[in-house]
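Using the sequences and the hints given, assemble the complete structure.
There are 2 protein chains.
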Amino acid sequence: MQNPFDDTYFMKQALKEAQLAFDKNEIPVGAVIVCQNQIIARAHNLTQTLTDVTAHAEMQVFTSAASYLGSKYLKNCVLYVTLEPCCMCAGASFWTQIGKIVYGASDENRGFLKHKIPLHPKTEVVSGILKTDCSALLWQFFEKQRKLKS
Amino acid sequence: MQNPFDDTYFMKQALKEAQLAFDKNEIPVGAVIVCQNQIIARAHNLTQTLTDVTAHAEMQVFTSAASYLGSKYLKNCVLYVTLEPCCMCAGASFWTQIGKIVYGASDENRGFLKHKIPLHPKTEVVSGILKTDCSALLWQFFEKQRKLKS
Numbered sequence: 001m002q003n004p005f006d007d008t009y010f011m012k013q014a015l016k017e018a019q020l021a022f023d024k025n026e027i028p029v030g031a032v033i034v035c036q037n038q039i040i041a042r043a044h045n046l047t048q049t050l051t052d053v054t055a056h057a058e059m060q061v062f063t064s065a066a067s068y069l070g071s072k073y074l075k076n077c078v079l080y081v082t083l084e085p086c087c088m089c090a091g092a093s094f095w096t097q098i099g100k101i102v103y104g105a106s107d108e109n110r111g112f113l114k115h116k117i118p119l120h121p122k123t124e125v126v127s128g129i130l131k132t133d134c135s136a137l138l139w140q141f142f143e144k145q146r147k148l149k150s
Numbered sequence: 001m002q003n004p005f006d007d008t009y010f011m012k013q014a015l016k017e018a019q020l021a022f023d024k025n026e027i028p029v030g031a032v033i034v035c036q037n038q039i040i041a042r043a044h045n046l047t048q049t050l051t052d053v054t055a056h057a058e059m060q061v062f063t064s065a066a067s068y069l070g071s072k073y074l075k076n077c078v079l080y081v082t083l084e085p086c087c088m089c090a091g092a093s094f095w096t097q098i099g100k101i102v103y104g105a106s107d108e109n110r111g112f113l114k115h116k117i118p119l120h121p122k123t124e125v126v127s128g129i130l131k132t133d134c135s136a137l138l139w140q141f142f143e144k145q146r147k148l149k150s
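Note that the protein sequences, when read in sequence, are chains H and R.
If you read the first sequence in my numbering, its first letter stands for residue 1, the second for the next number, and so on.
If you read the second sequence in my numbering, its first letter stands for residue 1, the second for the next number, and so on.
Among the hints, a few may not be true.
Heads up, the list lumps identical chains together, so a pair's fine if it works in one copy or across two of them.
Unchecked claim - Pairs of lysine-lysine, DSBU-like flavour, derived with a Cα cap of 35 Å:
| # | residue 1 | residue 2 |
| --- | --- | --- |
| 1 | K75 | K131 |
| 2 | K75 | K147 |
| 3 | K116 | K100 |
| 4 | K114 | K75 |
| 5 | K147 | K122 |
| 6 | K12 | K122 |
| 7 | K75 | K144 |
| 8 | K149 | K122 |
If you're looking for bench data, these hints aren't it; they were derived computationally from the structure.
On a predicted model such as this, the values are computed, not experimentally measured, just so you know.
Structure representation (structure tokens):
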């Protein structure tokens, strides 16, 4: 029997969070953290709502997962996020010592890969899961913004 | 007449925050944000207290200053921080578009300089203000920790 709780399943949950951000007129990025096949934290970008540039989905989901586990470290956890983390979020992931990062769409401008941000040596990275869906939601958002401005 | 509100004055205020962290058994790093010669936010490292690796002094002071100003961006502000910002905090400073970063002690291992983290093009950097005092407090902390463990 196929495991229904695979990377695609959890990325779909992160996409649901991204949709919540979209509905609030926030740049649609969503994230979940999974520990032993269970989602222990969910978050979406809230930078506009909170007037706080640090309120990226990843930053909030790290804080939330640590609070749930009662542990600063997320060694046995997986972060699913719809967009490649930026320098700030990759830097935060280093401190969490997270076991794995799975992201959807690439961010060639502001993503951590371009800037060679060091992750924790024990952090595994998987990219491109549901990247078309993750990108499409972002493009839809920026298209909507463009039309509102014109 | 000499301006009493110079970099040394504000770094002393950041050091006071670092001392508060020290007193709570936190790695002693403190920060203040200054706008038009006025301190608008103060914070110190609270990663142990909050069980949250993202609770660096800089992250908290960015959030607090943005909340005070009602603006996500800190273009006309100066961050004073006792230790060179890490990748996460430097990444956050990029998003704030902060005008200037003044730090005390260097962090040759985890500081943003070693990892060439891009700051916002409009962010000016000054280093080494009260670096001996900033470093001394950190060394005192690690020495205390070492003694507690032995």
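Okay, the hints, checked on the actual structure:
no. : hint        : in the structure
1   : K75 x K131  : both (25 Å within a copy, 34 Å between copies)
2   : K75 x K147  : between (43 Å within a copy, 28 Å between copies)
3   : K116 x K100 : both (17 Å within a copy, 24 Å between copies)
4   : K114 x K75  : both (25 Å within a copy, 25 Å between copies)
5   : K147 x K122 : between (44 Å within a copy, 29 Å between copies)
6   : K12 x K122  : within (25 Å within a copy, 38 Å between copies)
7   : K75 x K144  : between (39 Å within a copy, 27 Å between copies)
8   : K149 x K122 : between (44 Å within a copy, 26 Å between copies)
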